[in-house]
Amino acid sequence: MPLMTPQDQWLYTISSKHKLIDLNFKEIWRYRDLLILFVKRDIVTVYKQTILGPLWYVIQPLFTSVIFTLIFNNLGNIQTGGVPPFLFNLAGITAWNYFKECLTGTSSTFTTNQSIFGKVYFPRVIMPMSITISNLLKFGIQLGIFIGFYIYYAFQGQTFGFNSHIFLLPVYIVMMALMGLGLGMIISSMTTKYRDLTVLVGFGVQLLMYVSAVPYPVSEAKAKFPSSVALIVEYNPLTQIIEGFRVMLLNTGAFSWFGFIYTLIISVVLFLIGLVIFNKTEKSFIDTV
Amino acid sequence: MIILKASNISKQYRLGTVGTGTISHDLNRWWHKVRGKEDPFLKVGESNDRSTKGESEYVWALQDINFEVQRGEVLGIIGKNGAGKSTLLKILSRVTSPTTGEIKTKGRIASLLEVGTGFHPELTGRENIYLNGAILGMTKKEIKAKEEEIISFSGCERYIDTPVKRYSSGMRVRLAFAVAAHLEPDVLVIDEVLAVGDAEFQKKAIGKMQDISQGEGRTVLFVSHNMAAVKSLCTRAIVLEHGETVFEGNVDSAVRYYLSIDNLENNTSLINRKDRLGNQKLKVSKIDFHNCENDIVMEVISGDYLKIKLLISKFEDVVYEKLFVSIDFLNKDLVSVLKYVNDEMGFSFSDLKNKDSFELEIPNLYLSAGIYSIRIVITEIDTTPDNFIDVIDNVASIKVLPGDLWGSGKLNRTDSIVIFPGDFNV
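Chains as they are written, first to last, in the numbering used here: chain C, 1 to 289; chain L, 1 to 426.
If we strip away everything but chain L, and leave its shape as in the complex, we get (with noise of 0.2 Å):
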């Protein structure tokens, strides 16, 4: 059964500043109005893409999105930032109005855009329970009932009497997402709110979204950068491109059309990028990083399994036995701490002579958690200047995150660069 239908959902903004300019544009549409003709400037208008500069003062955060979600569905709503999640959110928490279209629902719909809304600073944790669930919709009642299932999922007992500005930001978090996650509305919209907390206390709130979502059979929407999130709580995702659809369907493959937009445009500039050394009779087109299971991923934990695919793009005719060919990581001070050349591997590229891509394989990337530049040298004979054939730095980032390496179920401190198996004995 459908719970909620969202039909031809448009909204506008406008760009710059309010201002004096403002005025005129409102008295404009007023004027339209008052003689019962249509907004001027619903005509005119631009496609979001945030990094173009545009010729209209008006941008279109969402253009014409339709979709229906049935009763007890998890739909996931992915895009990069500015895709228009944020505001397809806004409207379906009723924050603000979408210029045209409507959204029908059957359920009470609540909203966790954030958490932690309308905590008072001043008054304790236990006050801001009951605060922070009344706005979210919850009864005095309500809330009464849960308060201790609150409180101790939150694990903040000590500090319930104490007022919220004593509290560590981690905790405060707790407490709020504690109060959001025993809210018992028909349709529950969920922002990226995830992100927040230890390592520890998002496997609970992951584990809780799943309660939520399979064990009582609530419709969640649900908008997420963590791709890992997405797969593990919803069964259907749609994603969004510049304020548009670009994709609906069940949630693999949506997290698979993700990704992809994200590496065709890192790709497409890849090849067109100029400040590279060498002749370039070949060139780097193309960089892909894969996990174990051969799907493209843009983030690695630390110590797992790395592939790094390379497309190259020939121009000229070299010498493929006497290639070389290095990768190298380079941190955020732009120091290179690891590096992988063939020669010294003892590998020879002459099959490359009837292949187009190559790969490296890292079993075990033992990077500490950061992000890291790679940065590819490809020459010919040696590796002096004149020999370079396509050198460029910073070809694309791998996102290295926190790993368990001892599997001891904490998470392996950043701050170092290298991460490397050992044992402690007595």
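Here chain C stands alone, though its shape is the one from the complex (with noise of 0.2 Å):
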């Protein structure tokens, strides 16, 4: 800091009222640190003193896969388009998930940070970007999974294979995040004074889940569901998420650029206004909380 600072060039001011979007990258760039150090505590932390450690971020969308194998293609008897069913049903729970761990993770950022939120200062919004980070990195592991399974299969000499489409990969891995983390943003700062909410995340996930098509391909929805119900799984974001997944990874199902777009567009909308309700509430919620 200059010596002869003028009597007016303040730094910041701590007052009651705020702009819109009072986002500060400089800010949010020099704690970068502390955002890495947030990832690292979440990756190492969970599975201290367990034997299988990692191993466990494998187990589970393993074991979920063989359920849904068992009771939706083999005693459901719902058709996977010629893709092995596990490897299906793998595919659209490793997306899922990702996107699932976001919203959760992010959706209670204020009521189980707040003992270290009401003692110091930092920006808050690095506490759900953490989040979706380390979540990031399950998600590449659960995706080195289905990779393996994914070549083991190929082997076996299963007809199926990627689709022209995959290139689009990575802008459906960021809209998962975003949408995750926009929706978890909004969800935790609604929670912070009126708890109602949290207790409908806790099955509201998992309902979404069977109106996103994950554990069915579209096709059938749209062959078996009341038109209605059809209406609402297709057009869905997630189902285009996670449809889009398949579609890219297996070869299976359909790709639309109208449904990319919108999917698109939603994600980013939700992931500003959850920014903005976010930013609204992180100055006070603490004395609501």
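Rather than coming from a laboratory, the hints here were simulated on the basis of the structure.
Okay, derived cross-link-like pairs now, DSSO-like style, lysine-lysine, Cα gap no bigger than 27 Å in a straight line:
hint, chain 1, residue 1, chain 2, residue 2
1, L, LYS5, C, LYS280
2, L, LYS283, L, LYS355
3, C, LYS26, L, LYS146
4, L, LYS144, C, LYS40
5, L, LYS146, L, LYS208
6, L, LYS231, L, LYS410
7, L, LYS231, L, LYS208
8, L, LYS104, C, LYS283
9, L, LYS33, C, LYS280
10, L, LYS33, C, LYS283
11, L, LYS37, C, LYS280
12, L, LYS144, L, LYS208
13, L, LYS140, C, LYS48
14, L, LYS141, C, LYS40
15, L, LYS399, L, LYS283
16, C, LYS40, L, LYS165
17, L, LYS140, C, LYS40
18, L, LYS309, L, LYS281
19, L, LYS231, L, LYS399
20, L, LYS281, L, LYS314
21, C, LYS26, L, LYS144
22, L, LYS146, C, LYS40
23, L, LYS281, L, LYS339
24, C, LYS48, L, LYS165
25, L, LYS146, L, LYS165
Derived list of chain L stretches under chain C, where covered just means 3 residues or more per stretch with a C-beta under 8 Å from a C-beta of chain C:
hint, segment
26, 88 to 96
27, 117 to 124
28, 128 to 137
C-beta atoms are modelled at their ideal positions from N, C-alpha and C, and glycine is treated no differently.
Fit chain to chain and form the complex, with the hints in mind.
If you want it as structure tokens, here you go:
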């Protein structure tokens, strides 16, 4: 800081008034080390004092896929369009898990961190960002497992392959992150004062999975659901992501640019809304939490 | 040069629990805002006096606080529990925002409202140094440069690669304070964190604080109940009471003012107390404790000088030559552990006829650390209940702090009632 600062040149002002979007990117950049450390903490501490350690990241989606395959494909007789049902489910679950973890993780940002937030200031948005990034690493591990099985099935001589839209995969991952983060920030802001939504999130996410075409392809929903429900499933942006994910990796299902564009718009809008609400809440949530 | 300026800071809180009733207030507030009107609930609200029952659901934890801090200044913020100190610090450290008013600053503010914020029990000491440092606003590079210094200051070298959950609470605090002490913000805000750790570490901590404020010329805002620490660290202080600034000035006057509000409240109630025996021809109306420099104190170190000064209100004449006065110190079990009675000391109160106060001087108070309540018995002629003039229990209490009677640098143990001079010989 220069010695000859003019009297009226303040670094920042603490007051009750604030702008609608008051994101200080310079400040967030200054706290980048904290972001990295939070990510490291989340990864390292979850499975401390466990024998299997990070293997747990892998076990959960595998077992869920096995169960889904047994129930939906063997028992329910859902057709997966020539793709091995296990691989079909694993793809859906891997993608869904990332969205779900981002959503549930960030949706309790304010309530779970109130002891830290109540004592020290840092850009609050660091917290949900760190959750999204550490979940991205988990997602990477799970995707690795998926690729392992992918190769296994390919050697077995099964007929499936990448779709030409595979280059959009990173965009899809970003869309999932933005949607989970945006929705999570909205929920976490709204639950600081009234806790009603926390109750909803618990089972809401579970139900959401079933209308997002995770354990079945959209074509099956169109064929068997009542038309109004099929419409909800088809145009649900999460369905677009899950289905798109399977299109790219397994070349099953239908890809539409229209679906892609509106999902992208929705996820960006959700994220921006989340950011605005989050920003508004962080100023004084500690008084009402 | 002014580095920080607070103008008209106020903070309103709502009392009671958040429930379905809250939403109607919220909607009302929102409706006013939509129509561009003023928040209706800002007009209500009472001053924040914890002990009285109020009419309003809203209280002002802070009201119109104004102050300026010069670069390099160490400002003390003192006040009783609930005076608004912590609220002010929370606003300063941007944990919450003020209801009205604003604070402008020219430097980065780092706050220490608690030591070890964000410590993760599963991470090792070293990992927690990085995490805690980053939470407090340091970059990885800054922490790395100071890592060795922090570890050696904490005195936890042996445990540094062990998870913090295995630490004793004292070690955790040492490590946390060590991180905090190596922060280098433009303005440092500290709340009561010195009230942790053993005496040796407290001394080290205060020493470090002095280095920070004097040696390095850092601007510090310091909140504490430890008047000795405030006096030794701060140059200026503000005194808060019920959310308002009641005094602002140099630190000695501020501490004196703070101690006097404490005393004033205690003593105004003393004369009105009804739980006393006797005919009340005389009444004890005020009690003060003094140290050897004649300052009013609420605490004394074991083995130090203590003077008790009593003010007597006279209502009817008594025979002063025949007055019995006894002053008892009762420990927490209400056992009298020390008693001064004038007759066995061969003292006559005949001179009290023309005065309205007397003193008891104790050159060395050899009581162990603890809180002692004072009982006063004043009788005439003899000590039968018929002749009671004023008998009052728990007139005041005095806190005795652990001392170092033997001058060995080790604090005396506190599990006995008294500690008395003596020597071992072999």
